[in-house]
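Chain Y is fixed; fit chain A onto it per the hints.
Next come the chains, spelled out residue by residue.
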Amino acid sequence: AQSVTQLDSHVSVSEGTPVLLRCNYSSSYSPSLFWYVQHPNKGLQLLLKYTSAATLVKGINGFEAEFKKSETSFHLTKPSAHMSDAAEYFCVVRLYSSASKIIFGSGTRLSIRP
Amino acid sequence: DGGITQSPKYLFRKEGQNVTLSCEQNLNHDAMYWYRQDPGQGLRLIYYSQIVNDFQKGDIAEGYSVSREKKESFPLTVTSAQKNPTAFYLCASSGDRYNEKLFFGSGTQLSVL
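Protein chains in written order, with the working numbering: chain Y, 1 to 114; chain A, 1 to 113.
Here chain A stands alone, though its shape is the one from the complex:
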């Protein structure tokens, strides 16, 4: 079945540590997205990518980094510069037609030890 796979489901970060969240899709989508969801808040866009080897900052990119070396993969690194990383992280992808919906992964809950 086609879909988006995020791993791990739960992740714990120590102070000063960088951690990487994995996102893989087999939907042949060009566009991929990372969102952060905090309790009682909406989804805030961290980074997005329209095509391989290209990505753009979203509204809250500080303290995060991404890469897009393959069409199927869009990993997110939460760096030590992100002072409040505890949140639920969602990866999504979409076709490139203007009215295509988002497909979501099951998410990663990141907590700070």
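One chain only, chain Y, in its complex shape:
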């Protein structure tokens, strides 16, 4: 089965410390991978996407993600958390085995402690 798994439902870090949000995917084909962010009562915003040009992808607001095919992972990181990063983060997989199916992970809620 093709799927995407976000390993942590909730991550809490102190302001100024690194952030790691984990995502693993399962796909018979090489997928397209994305991270989206949803701030409270706001719409979904694209953070970054994997295009196969480079395994390390830089996104907005200082976030980046590394595609590791051997580990089937696409973890999201940020060197230093800011209070404004508190939000829900979704790892998203676009599958090409079946007419462009796009599936979301269950989400990781990121909390930032002052």
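Fair warning: there could be bad hints in the mix.
Claimed, not checked - The calculated lysine to aspartate or glutamate pairs, modelled on EDC-like cross-linking and capped at a C-alpha distance of 16 Å, are:
no.: 1; chain 1: Y; residue 1: Lys49; chain 2: A; residue 2: Asp59
no.: 2; chain 1: Y; residue 1: Lys101; chain 2: A; residue 2: Asp38
no.: 3; chain 1: Y; residue 1: Lys101; chain 2: A; residue 2: Asp59
no.: 4; chain 1: Y; residue 1: Lys49; chain 2: Y; residue 2: Glu66
no.: 5; chain 1: Y; residue 1: Lys42; chain 2: A; residue 2: Asp38
no.: 6; chain 1: Y; residue 1: Lys68; chain 2: A; residue 2: Asp54
Hints listed in this document are in silico derivations from the structure and should not be mistaken for laboratory results.
Chain A in isolation, oriented as in the chain Y frame:
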């Protein structure tokens, strides 16, 4: 401006009633999607369509139906068979290149009376 329009913003359903959520896009996208979002949960795929007159079931299609008669429109019907319809429904569209992002509507909140 190009975008996706969902209507209505709020919708109430009575027991045994079918209701239809509208989704229209003027982005000339081939692919369209319906997702359901419940509090504290991710987005779950209900139906998706790659092309006019064709659509596929997503992971939670039971109790829902769709049509794709026009490229611009992808309405979702929540039938009486859907026993737990209260949720936030998001429509999205995308270009057909493998790395194109999703564009989202503003959503419809459906509640049961």
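Tested hints:
1. Proposed proximity of Lys49 (chain Y) and Asp59 (chain A) is contradicted: the alpha carbons are some 23 Å apart, above 16 Å.
2. About 20 Å separates the Cα atoms of Lys101 (chain Y) and Asp38 (chain A), which puts this hinted pair outside 16 Å; it is violated.
3. A distance of roughly 10 Å separates the Cα atoms of Lys101 (chain Y) and Asp59 (chain A); the hinted pair therefore holds under the 16 Å criterion.
4. Using a Cα cut-off of 16 Å, the hinted pair Lys49 (chain Y) and Glu66 (chain Y) holds, with the two alpha carbons roughly 10 Å apart.
5. Between Lys42 (chain Y) and Asp38 (chain A), the direct Cα distance comes to roughly 15 Å. Compliance with the 16 Å bound is thereby established for this hinted pair.
6. With a CA separation close to 34 Å, the supplied pair Lys68 (chain Y) and Asp54 (chain A) exceeds the 16 Å bound.
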